[in-house]
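J.: Here are the chains, one letter per residue:
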Amino acid sequence: MKIVVCIKQVPDTNEVKLDPKTNRLIRDGVPSIINHDDKSGIEAALQLREKVGGTVTVVCMGPPQADVALREALAMGCDDAYLLSAREFGGSDTCATAIIISTALKKIGYDLVITGRQAIDGDTAQVGPQIAENLGIPQISYAEEIEPNGDVLTVRRQYEDRHHMIDIKTPCLLTALQELAEPRYMHAGGIIDAYDKDITVWGFDDLKDGLNPDHIGLNGSPTKVVTSFGKMAKGAGTKLDVSPDEAVAAIIAKMEERHII
Amino acid sequence: MSKDLYVIAEQRDGEIAKVTFELLGEATVLAADLNEKVYAVLMGDKIKDKSQELIEAGADGVIVVEDPMLAEYVTEPYAKALTAVIKNYDPNIVLFGATSIGRDLAPRVAARVHTGLTADCTHLDIDMNKYFDFLHATSTADTASIEKRLGMDDKTLKMTRPAFGGNVMATIRCADYRPQMATVRPGVMKKIAPQAGKQGTVEEFKVEFTAADMNVDIKEVVKDTKKAVDITEAKVLVSGGRGIGSPEFYQELKKVADLLGGEISSSRANVDAGWIERDRQVGQTGKTVRPELYMACGISGAIQHIAGMENSECVIAINKNDTAAIFEVSDLGIVGDVKVIIPKLVEALDKYKAENN
Amino acid sequence: MDFKLSKTHLLQQEMYRRFAENEVKPLAEEMDETEVYSMELLAKMHKYGLMGIPYSKEYGGVGGDYLSYALCMEEVSKMDGSTGITISVHTSLCCSCIDSFGTEEQKQKFLRPLIDGSKTGCYGLTEPNAGSDAAGQQTQAVYDEATDEYIINGGKIFTTNSGFADTCVVFALTDKTAGTRGISAFVVPLKDDDGNRTPGVTVSDNIKRMGIRAASNCEVSYENVRVPAANRLGKEGQGFKIAMKALDGGRIGIAAQSVGLAQGALNEAVEYVKERKQFGRPIAAFQTTQFKLADMQTKIDAARLLTWRAACIKDAGENYGPAAAMAKLFASDVANQVCREAVQLMGGYGYCREYPVERALRDAKITEIYEGTSEVMKMVISGSMKLK
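Just so you know, the sequences run in chain order A, B and C. Everything in the first sequence is counted per full-length UniProt numbering, starting at 1 for the first residue and increasing by one. Everything in the second sequence is counted per full-length UniProt numbering, starting at 1 for the first residue and increasing by one. Everything in the third sequence is counted per full-length UniProt numbering, starting at 1 for the first residue and increasing by one.
Hints listed in this document are in silico derivations from the structure and should not be mistaken for laboratory results. Small disclaimer: the values here were computed from a predicted structure and weren't measured. Be aware that one or more of the hints could be misleading.
Straight-line distance between alpha carbons at most 27 Å, and here's what the computed DSSO-like set of lysine-lysine pairs gives [stated by the list, open to error]:
hint	chain 1	residue 1	chain 2	residue 2
1	C	K274	B	K287
2	B	K235	B	K254
3	B	K320	C	K277
4	A	K51	C	K57
5	A	K254	A	K106
6	A	K254	B	K353
7	C	K44	A	K197
8	B	K235	A	K239
9	B	K3	A	K224
10	A	K254	B	K344
11	C	K277	B	K287
12	A	K51	B	K219
13	A	K197	C	K7
14	C	K44	A	K239
15	B	K287	B	K254
16	A	K224	B	K48
17	B	K48	B	K190
18	C	K47	A	K197
19	A	K239	C	K274
20	A	K169	B	K223
21	A	K254	B	K191
22	B	K18	B	K353
23	B	K287	C	K25
24	B	K287	A	K254
Just chain A, with the same shape it has in the complex (with noise of 0.2 Å):
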C-alpha cells in the first residue's frame, strides 16, 4: 500500500506568549514542531507499512526551514518525503493549500492518504477533507482507530456522542486525531540515515501543469485576513466578601458571561 502523509510545521502554541505590552505574538525562540494530530497519522501510517506492506511517504508544504520537519519524519521510518515550497504558495488559505498539496498529491500516487485533523496554529481542521475532495477520493475525519481488512480499512471515526465502524476502500484519505497512535521517537540511528537521504523539492514550477495560478497563494485564497489582534490583557479581576447567597449569584453571572452556562 502507497500511503501518504501531508504533515504540516507549526510553532508550539504552548510556548507561544503574548508580549503583554504590544498585545503581539511573540514567536521568537518558540520552537517548530511537527503538528500533533500529523505525527499521530505518521505513527498511524508507519503500523499499517507494518501490517500490510508498502511504504510511506510524508509531504509538507511550508518554508524551506520545514525541511527538518520531513527530517523527523523519515527519522521515524518513513520511506521518502516531498518538500512543497514556493513564494507563489505563500499565504495560502485552507482552500488554495488543499489545491496545492492535491496537486502535488496527483503527481505523487497514493493508495491512502492521511492528514492530520487539525493544526495547533490554525485548528481549522479543514485541508484534509479540502484535499479529499480536490482528489475527489471518500475521506473519514476523526479516525481514532484504523485497522487494514482484507481489501478495506475498517475505520472508528469519533463523534461528541457516538463513533461509528466504517469500512472504507482505498483510494482514500484519513485525518487522524492524535488518539489514532501514540507516535514514536525518532530513532537516533534514524536521524543519521535521515540526513543522507534526499528530500524532493518541489516549487511552482514543478506543479504548474495541474495548478491555476489564480487559486493559490495570497491573491488566490478566497478567505483573508482583516486583522490579528490579542485579547484584552486580563484585569486584575474581582474579589468579592460577601453572603454566599450574593457568592453564587456572582459566580453564575461569570460563567454565563464566559459562556461556560
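We have chain A already, so just place chains B and C on it with the hints.
T.: Then chains B and C, alone, in the frame of chain A:
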C-alpha cells in the same frame, strides 16, 4: 445575486443539535443587518416534522432534504445534498456548527463549490459599527486602518476566531466568493426565545442519490458513554485543595463538574494525602492545564499549583483566607467557605439548567 | 572554528531532549526514592538507540559519534543523573573496551547484542582496595590449559549496572609479578541468554548511596568463574591499557552528565525565581538573583564547551585524554557549584525532595569521584604538561 443566510441544521437520531438553535439566533441578528432572510437546511431521513421547531427558533423558512441515505451522517451523501441546495438557492452566507459533523461537511462542500470557509468562529458581524464596538471592547486592534481598507458600508461577513491555541484572535473575510461560509463554535452564540406558532415556509428539495453516493460502509453505530479522564482536555475543571476538608467533599465538587460538563482536579496536598488519584493533580509536579474555566476551591495558590493553571481562560477561586495567593490570578475571587458555597452553587446550577433548557 | 552543532546533531539533541522529558523525567523522583532503576525505561533507551550511540551501524549501533553521545548524556542527565550513568557505563566503559580491542569475532558476539538493544553491559575495575590506584588489583584469572578457559576469582565493588547487566568487562591479574602489565581484560557473561546467573558470580544488593540512587551499583564477586579464553580482550597484560583508554572516553560522558545536572538544576531555578514572589516582586527581579544566574549559566557554558571540545578531539582520532580530563575536572566542579546555588535560590523548597534540584545536588557529588576523581584528573592533566 447571492442572498440570505442559511443555517445547516444538525440532527442526530432526529434530534436537532443545540448549536443549530444558537446559529439561528445569531443568524436573525445578522439577517437584520443585511435585510435578508434566514433559512434552515434540514437534512435527514423522515425529518420534516422538525421544521416548525427551526422556524420558532428564528428561521424564516426551512429547506428539507429527506432520503434514507441521510439517516446517519456520511460525508458524501450530505455533501452532495448540500451542494445541490447551494447551487439551487445561491445563498449569501452558510453557517455550520463547528462540530465533528460540521467540520467534516463544511470543508468538503466549500472545496466543491470553490469558496472560502472560516473555521470555529466565536464572533460574527455584518455591520461595521457593531464590529468596531466588539473590537473596542475586547481588543487593542487598530480600527482606523480597518476603516480605511473596508469603509463603514461593508456588508461582508466579518468572521472572528481564535488561533494559536487561543493566544490570538483573527477576523477573516471572504469578499470575492459566495456563499461566505463559517463553522461556529458551539456554546458561543445566543439562541433566541422560541416564538411559539411562528409561521414560515417549508420547502422540500429533492436530491437524486445513486448507490455510488454511499461510498463508505457503516458497519456499526455505537453511542458512547463517558471516556477516560484527561484533565488537560477538560473544558472545565473544578479543583479541590486542602480547604475542602475531607476526601468526601470531592463528591460535591464532582456535582458541579458534571453540571458544567467538566472534571474534578486537585492540588498536590490532597493527592499526597490519598484523597484523589494522582492523574488529577494540577501543578508543577502534576499536570499543566488551561481549561476555559478553572474553579479553585479551597486552594491557597502555592506557587507550584499556580504554575500549572495560570493559563486557564477564566479562574474562579473560593477561599476563606482573603489574602490567599490564588486570588491574584483569579478573574473572580470569592472570600468564603467552600463547604457552604459549593452546595448552594450545585442548587443554583440545577435551577439554571432547568430554566434554560 | 565552528561552535555550531550540525543539523544531525541538532536533531539528535532534540530527540534526546524529548525522550528525557517524556520518559525519564516522570520516573526520576520515584526511581530515586525506591533506589530501583526502571527496566521499562532501560528497554526504551535500547529501543531508540540511546545505548549504542557512538558505535557503527555495522554492529547494530546508531552510527553517531562521541559528540552525539555527549549530547545524549547531557539531555538525560538534565532530568536524572542515574540515567546518565546507566547509559555511560554501558556505552563508554563496557562497549568501548570491546569496540576498541575486540576482534571481529568478539565484536559480532559481544558488542552487537550490547548495542542492538538486546543486552546491557557493565565494567568491573574498581575493587575494595583498588580505587584510584587501579593497578592494585587483586582479582586473579588463572589460565586452565585443559579447557582453554580462565578461572576468575576475586571481588569488584561499585560496579554500575551490575544488578541487571548481562555482560561485564572484568579486569583481573594474569601475572601477579608484572604490575600493571600483569592485568588482562575479559568479557564475562553475568547471565546466560535465559537470564540465569553465571555459576560463581554473585551480585550484592544495591549499595546505599548519597546520590544517583536509582543506578544499580553493587558488589560483584567471582568465585571460580570459568570464562573461555576467546573472551579475553587483547593480549594478556593489555588489560590496564584497555581500562585506562575506556576511562579516558568515559570521562567525556561524565563531563556531559555534569553539564546536564547543572543545566537541569539551573533551568528549575530559573522557572522558580520567575514565579516566586518575596518582598512584593518575583525574586528574578532582584539583581543579586540575576547575577547569580548569569554566573551559573556562564560556568555551565564553559563546561559544555570543554566537553564538546574533548568529544570533537576524540572524534577526530587525536589524543583526547588530557582534554577529557580537563572537561571532567571542570564540569564536575561546576555541577556541584551550580546545583548548590540552585538549591540556595529556591530556599526551603529547593531543599525539599519534591523539587528535583535537591536530587541533582546529591547526584552531582559523584561526578567528582567516579571514573577518576578530580585529583586523578589533575594527575592526568599535569602529566601531559611535560613537567618532568
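J.: Give a verdict on every hint.
T.: Verification of the supplied hints:
{"no.": "1", "hint": "C:K274 <-> B:K287", "in the structure": "holds (19 Å)"}
{"no.": "2", "hint": "B:K235 <-> B:K254", "in the structure": "holds (14 Å)"}
{"no.": "3", "hint": "B:K320 <-> C:K277", "in the structure": "holds (21 Å)"}
{"no.": "4", "hint": "A:K51 <-> C:K57", "in the structure": "holds (26 Å)"}
{"no.": "5", "hint": "A:K254 <-> A:K106", "in the structure": "violated (52 Å)"}
{"no.": "6", "hint": "A:K254 <-> B:K353", "in the structure": "holds (15 Å)"}
{"no.": "7", "hint": "C:K44 <-> A:K197", "in the structure": "holds (26 Å)"}
{"no.": "8", "hint": "B:K235 <-> A:K239", "in the structure": "holds (23 Å)"}
{"no.": "9", "hint": "B:K3 <-> A:K224", "in the structure": "holds (21 Å)"}
{"no.": "10", "hint": "A:K254 <-> B:K344", "in the structure": "holds (16 Å)"}
{"no.": "11", "hint": "C:K277 <-> B:K287", "in the structure": "holds (22 Å)"}
{"no.": "12", "hint": "A:K51 <-> B:K219", "in the structure": "holds (22 Å)"}
{"no.": "13", "hint": "A:K197 <-> C:K7", "in the structure": "holds (13 Å)"}
{"no.": "14", "hint": "C:K44 <-> A:K239", "in the structure": "violated (49 Å)"}
{"no.": "15", "hint": "B:K287 <-> B:K254", "in the structure": "holds (19 Å)"}
{"no.": "16", "hint": "A:K224 <-> B:K48", "in the structure": "violated (37 Å)"}
{"no.": "17", "hint": "B:K48 <-> B:K190", "in the structure": "holds (24 Å)"}
{"no.": "18", "hint": "C:K47 <-> A:K197", "in the structure": "holds (22 Å)"}
{"no.": "19", "hint": "A:K239 <-> C:K274", "in the structure": "holds (25 Å)"}
{"no.": "20", "hint": "A:K169 <-> B:K223", "in the structure": "holds (24 Å)"}
{"no.": "21", "hint": "A:K254 <-> B:K191", "in the structure": "holds (19 Å)"}
{"no.": "22", "hint": "B:K18 <-> B:K353", "in the structure": "holds (14 Å)"}
{"no.": "23", "hint": "B:K287 <-> C:K25", "in the structure": "holds (13 Å)"}
{"no.": "24", "hint": "B:K287 <-> A:K254", "in the structure": "holds (25 Å)"}
The structure does not agree with the numbered hints 5, 14 and 16 stated previously, though it agrees with the rest.
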